[in-house]
Every structure is written in C-alpha cells, then in structure tokens.
Amino acid sequence: MKLRQIAHGRSGDKGTIANISLIAFRAGDYSRLVAHVTAARVRERFAGLVTGEVRRYEMPSIGALNFVLHGMADGGVTRTLALDAHGKSLSSALLDMEIPDAGASR
Amino acid sequence: MKTVRIGGGAGFAGDRIEPAVELATHGALDYLVFECLAERTIALAQEARANDPSRGFDPMLERRLQAVLPACRERGVTIVTNMGAANPGGAGERACDIARGLGWRGLKVATVSGDDVYDVVMAGEFVIAETGEPVSKLKDRLIAANAYIGAEPIVQALSQGAQLVITGRAADPSLFVGPLAYSFGWRPDAWPELGRGTLVGHLLECAGQVTGGYFADPGCKGVPGLDRLGFPIAEVPNEGPIIITKVRGSGGLVTMATCKEQLLYEIHDPSAYLTPDTIADFSRVTISDAGHDRVAVEGATGRPRPDDLKVSLGYRDGFIGEGQISYAGSGAQPRGRLAAEVARNRLERAGIPPGDIRCDLIGISALHGATLSAAAGEPYEVRVRVAARAPSREVAYRIGEEIESLYTNGPAGGGGATRSFREVIAIASTFIPRDLVPCSVRIEVA
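Note that the protein sequences, when read in sequence, are chains A and B. Taken in order, the first sequence gives residues 1 to 106; the numbers are from the numbering used here. Taken in order, the second sequence gives residues 1001 to 1446; the numbers are from the numbering used here.
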C-alpha cells in the first residue's frame, strides 16, 4: 500500500535544505511510519535529487515524522535551473512510497 | 483571564487581500499581522529603492492598507507588518498619506529601522555561511544585507501607542511575538513564553496554510469552500492552550491535520527553531480538537535566544534564460525528447557549458526526475522546458530564442512556445553580533 493511505504531509525549504513532514491520519498508525519510513529509505527514494544526508526527527506527541534533506537544488533556490526550485512538490513523491500492507488495520 | 485575538492577514508578498478584510471586519481581532517578506523579496526591494529612493517597500502596501484600514479603524484593530521591506520610513509616510486619504487623521504609525546592515557586513570580516567565503568578496554584486530582527522594537512601538507598526526584515514569527509580549508584559528573557508566542507566529505566518490552503487532495483530504479560503485567528491566553480558528462562515477548515502540517512546515529540528527572540522548542507540542474549526495547541517552550542574528544576503549572480514548447498525440514524448536534444546541442555549440543547461519534459519527469517518474503511463501531451544559466542579459535572451525557433527548425507539431529570462538574485546568509544591529522606532501621525 501507498503511504498516502495512512499519512499526509507537506514540504518546504530553507535554501538548499528541504523538509518533508509525514503525519499519521490516525495516532495508531504512527508506529508503522516509524518502522517503515526510515531516513535511509527516504534518502534512497530521493537518490539523484538529494545529494546530502537525510535526517529524521520523531514527533510522537502529534504522530508525525519530520525529514530534513540536505543538498537539494543545485546552487540553491535562487540559482537552480529546476522547475520546482523550492522542492515544495516533494511530499507527493514521499506519500507515493510503498509500505507493507497492515492487513486488517485499515 | 485576558485573551489576545491575533489574525494572520498575509503569508507572502503576493497574498490575497479579501481574506484579510474579512478578518479585520468579522474576526473580533486585537491585532492583524501581515507577513510579506521573503529572502528574495527584500533583495528586490533594495533594488527598487536604489532606482527610486521613495520606493523599496512592499508594492502591495497601498492596496492592502486601502482595503483593511477602514475596518481596522472601526473595530480598533492594530496592524503589525514587515511590508516596510527595504524602506520602512518611506512605507510609513505612504501609510500616513493613505490614512489621511481615507479620512483617518491621527492614525499613529510606527516604523522600525535598523535591519539594513549592508555597510556593516561590507566593512567587517563576515563569512558567507553557505560557502565559507568573505562577504566583502561579493563587492558591488551584493545588493542587500538585512538582519532578521526580533520582537523587541515592535513591543517598543506598541508601548508608544502605535496603531500600525511597519518593519523591514523582522523575522516572521516575531511579528506575532511582538503584540503578544506587549499585551502580556513578557520580558525579553521570558524564554518559555516567547517560545509559546513563537509557536503562535509559526502557525499563523503563512496565513491560509493553516486554514486549509496547501492542503486539499481530492478523494483524500477535502477542503470545503477553498475558493473562499478564510485566514486564521489565534486566541491566546497568557498561559495554557492556544486556540487556532477562523472567521465563521469563511471557506477552508481548521483541523488537527491542518495544524500539524503547518507546525512542521519549514522546520528542521522541532526542538530548536531559531528566531531572534528565542530558540523555540516545539518537540512536545500537543494538538487536540476543540470544536468545529477550533483546534487547541499547547506545549511549546523556549530557551535563551542566539547571540548572533542571521543576515540575509542578496547578490547578483548572472541570468537564467528559459523556453518552453509543447507536443501532443502519439509520439509526443519522443518528439519532445528530440526537441530537447536539438536545443541542447545548439546551446552547447553556442558556448553554454553543458552543466549550465537543463532540459525537462513537463508532464513526464520535470519535478522529480526520471527514476521516480518511471512508473507513470504515457501522457497525451508533453511540454519541453529548457533553462540555462547565462553570464549576460543578451545570452539569456538567446536561450529562449533557441526554443522558439524549434517551430521551424525542430520536430513535427510543436506548439505554444514561450520564452523568458530573468536576472538571478542569489540568496546566502551570514551571522552578525546583536549589538551591531541597533534598531530604532519612529512615530508618525497621519
């Protein structure tokens, strides 16, 4: 199943660093996000777009993860030739990521 | 217990005006905040001021104030905004003109200046954080250096009775922290309170992004009345939960989900959100339902503020030229790829370095690259986009020409060619000791 079935999120940027939040619709699904959406998996998913490290922050109080992606946008937001200079469309690509089906837990 | 009602009336320089008028009229507000300044915006404003010393403030200042001042006067709403951009003083004079034009003699306008540190960074030994090079090396390419200033001068302005406070590069959340600190008498070292105020600012500074803007995803996340999207209101008591809500009857929605998305928007480490006022800690924030379009948020705190202030630098960094052309029907994608290849070869032959050229197929892989896009099916149409860096205006202009000429010199069936070019205003940052950024407040009466 795709992440978007159990989570939502938003991305933004500060210069060459982008962040993507990933928020469980239901509190009970937070542990699935923690287990399946590791920093390593996110880095692998954005290979080619992200050149630096990916850091994950856990926010159990709101059932959310925050990913910080270093090394976005060749030359920075203002110099990059990319169409989405800010990386604001990245959350949609994360939400399309496949995670194992939880069977009865929907 | 006293509760302050504060509204977010704009989330960026070009934001919509009607929702702010709705807030001023029906929001029962104490304060209405307009956050209108991004890194690039202030650099462009410095250029505008260099061309005309009477300008350099937000180009929409006049329209916004014309629209909201009557309601603010009638309802006693105080306005705080960073629409002063590169010229808070000029903005203040213009605001007084507008108030007089509306018949509001006696409006007390405060302007905050001091964030412009161009001369200081050029004269001192400051290092560009992103590259490690000295700022002074940018020489005449540097067009703007503005320090992010905090809430203190805003508090000072409000304590002098200002009804409209206009700043330059005040940090976004500080525009909200100022009125809250003034209302509740928070001292500049009341870190937990300032952290809490920073949370209010962070949630409201993008206006509609917490009331259902940037949220709708049909079939997945619905937003009622998005076309009439209302802007947010925070009900802030001196302690305890903050309520996020909006004007009854406006479009959009305020839910735990909209608040969570905005809480983490452009946040890195949630336990260390750096502002000029405090290092805010959002890591233990809780969000709960408090009724229809009402969400309770609590648990933010703060630690002592950073010693240095961040400075946003804007400098000229060449030009970018761009052209686009579309192909449709069977074979659209191969024709698009051929067009891109032809354009690239022509640009390289004209002397543009290969690394300075980028070709995209819009509709296929322009946003996320070939790997992530691979699973998608064949689209009916594609749009070729070629962008390249150029050292001069003339060369940048020629890039678009090479795309437009694909009409008669490229693959079959190209249509809808467009071209554009722009000067690149690059943004970088440096840090400066606080004591080198003395701010001053000037009061002017309409």
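Mixed in with the good hints, there may be bad ones.
[What the hints assert, rightly or not] When the alpha-carbon atoms are kept at most 25 Å apart in a straight line, the in silico SDA-like pairs for lysine to any residue are as follows:
(1) A/2 - B/1434
(2) A/14 - B/1218
(3) A/14 - B/1239
(4) B/1221 - A/71
(5) A/14 - B/1038
(6) A/14 - B/1251
(7) A/14 - B/1044
(8) A/14 - B/1377
(9) A/88 - B/1434
(10) B/1137 - A/71
(11) A/88 - B/1113
(12) A/14 - B/1018
(13) A/14 - B/1348
(14) A/88 - B/1122
(15) A/2 - B/1370
(16) A/88 - B/1137
(17) A/14 - B/1419
(18) B/1137 - B/1122
(19) A/88 - B/1141
(20) A/88 - B/1356
(21) A/88 - B/1133
(22) A/14 - B/1133
Calculated directly from the structure, the hints in this document are not laboratory data.
* **Hint check against the structure, violated hint numbers in rising order** => Of the numbered hints given earlier, those the structure breaks are 1, 2, 3, 4, 6, 8, 9, 11, 12, 13, 14, 16, 17, 19, 21, listed in rising order.
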